[in-house]
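Trainee: Listed here are the chains, written in short residue letters.
Protein chains: 2
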Amino acid sequence: MPDTRTIDFFFDIGSSYSYLAATQMARISQETGLPVRFRPFLLGGVFKATGNDMPAKLPAKARYMLEDMTRWAGDYGIPFQLNSRFPLSTLRTQRALCAAERLDATKLPAFALALFHTFWAEDGDPTNDAEIAKAATQAGLDPAPLIASIDAPETKDLLRANTDEAVARGAFGAPAIYVGDMMFWGNDRLDLLVRSVRRTA
Amino acid sequence: MPDTRTIDFFFDIGSSYSYLAATQMARISQETGLPVRFRPFLLGGVFKATGNDMPAKLPAKARYMLEDMTRWAGDYGIPFQLNSRFPLSTLRTQRALCAAERLDATKLPAFALALFHTFWAEDGDPTNDAEIAKAATQAGLDPAPLIASIDAPETKDLLRANTDEAVARGAFGAPAIYVGDMMFWGNDRLDLLVRSVRRTA
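Chains H and G, in that order, are what the protein sequence lines are.
Whatever position you read off the first sequence (first residue = 1), add 52 for the working numbering.
Whatever position you read off the second sequence (first residue = 1), add 52 for the working numbering.
Calculated from the structure, these hints are not laboratory results.
Check the hints yourself; a few may be wrong.
The list treats identical chains as interchangeable, and a pair is accepted whether it falls inside one copy or across any two copies.
Said to hold, decoys possible - For lysine-lysine, the following DSSO-like pairs were computed, each having C-alpha atoms within a straight-line distance of at most 30 angstroms:
1. K208 x K113
2. K159 x K208
3. K208 x K100
4. K186 x K208
5. K186 x K159
6. K100 x K113
7. K113 x K186
8. K109 x K186
9. K113 x K159
10. K109 x K159
These numbers come from a predicted model, not from an experiment.
Just chain H, with the same shape it has in the complex:
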């Protein structure tokens, strides 16, 4: 039975709507009274497991998504620019996040937000060890042991386990957010999540 008193936030640094949602998680936690657990997963693995594909492959949809992202960023008051590397394979980044989860899970949200900023605001490369180290330092994590454990079997296992858990709970895209058995897909479900938690509380 999934925990109904925690919000599980599955995300990938390469997902623009994960970025938007990640910046709102402190507010969502406050508005629901529930803790948010940041859960790094591999969006590419979710696509593979479910037969889904990049939404931005359709030209009309890609154009709209850029307009939509820009509008949400303005609405939230956060910086946004489409990264010149997009779409990017984020395997190393997502493993670095799992390494951080293993070393000190309390620093994971700040580390994730720093890496989101690298990719979605600074046109940086979040798979690069220098950028990973910089984000770790910003989040109060010691970069050396973190980078050393990116390729550890336990780190790889954690990323696989997180991805498998999200797929088992119904994920087919990112962000995938759960409160117990309730699934919410996307940044655009955050206010509905808050209202649903309040109604079922």
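Put chain G on the given structure of chain H with help from the hints.
Mentor: Chain G alone, transformed into the frame defined by chain H:
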């Protein structure tokens, strides 16, 4: 230059998220201070023109969409059940809406809401002339001339023109909602639309 003082609401009766959004349009008009113009289009034509496809073809997505629809309906306080005919070719229904637009556009929103209710609340068939006549009567439209003009060339032309206009303005799905050059896709963008209109007013 598109009219920035009107909300253009392009919808198809066969689209569940069009149904959700349609029930909120009176509120959105009130919250923005802008009139909403109901614009029947053919979602199948939009898919064809843009290379898009039914979102519910992915099993994991179909499961989530049913959960999501049920949740939104509860949130809005409106009835919802998945129609046993879904997905349905709505060509005749969308032409009937265009016939209504030609006969008396002021009755179009009520007529559309009645047809949405037939399909998404009563498991009825909105392509059936008896159901079309019933919905017309509910909306204060005389059913006989309406049904007689469903197959008129001018009615068919209007449906094609509405669909072409939406595609030209960027649509690839439904509902597609426009305020001037701003495009909003989906029921889940209504609150963002309100905030965006207020910000740019």
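Trainee: Next step is simple, just say for each hint if it's right about the structure.
Mentor: Each hint tested on the structure:
{"no.": "1", "hint": "K208 x K113", "verdict": "between (33 angstroms within a copy, 27 angstroms between copies)"}
{"no.": "2", "hint": "K159 x K208", "verdict": "within (19 angstroms within a copy, 60 angstroms between copies)"}
{"no.": "3", "hint": "K208 x K100", "verdict": "within (17 angstroms within a copy, 42 angstroms between copies)"}
{"no.": "4", "hint": "K186 x K208", "verdict": "within (22 angstroms within a copy, 60 angstroms between copies)"}
{"no.": "5", "hint": "K186 x K159", "verdict": "within (14 angstroms within a copy, 61 angstroms between copies)"}
{"no.": "6", "hint": "K100 x K113", "verdict": "both (21 angstroms within a copy, 14 angstroms between copies)"}
{"no.": "7", "hint": "K113 x K186", "verdict": "neither (34 angstroms within a copy, 37 angstroms between copies)"}
{"no.": "8", "hint": "K109 x K186", "verdict": "neither (32 angstroms within a copy, 42 angstroms between copies)"}
{"no.": "9", "hint": "K113 x K159", "verdict": "neither (35 angstroms within a copy, 32 angstroms between copies)"}
{"no.": "10", "hint": "K109 x K159", "verdict": "neither (34 angstroms within a copy, 39 angstroms between copies)"}
In this structure, the earlier hints numbered 7, 8, 9 and 10 are contradicted, and the remaining ones agree with it.
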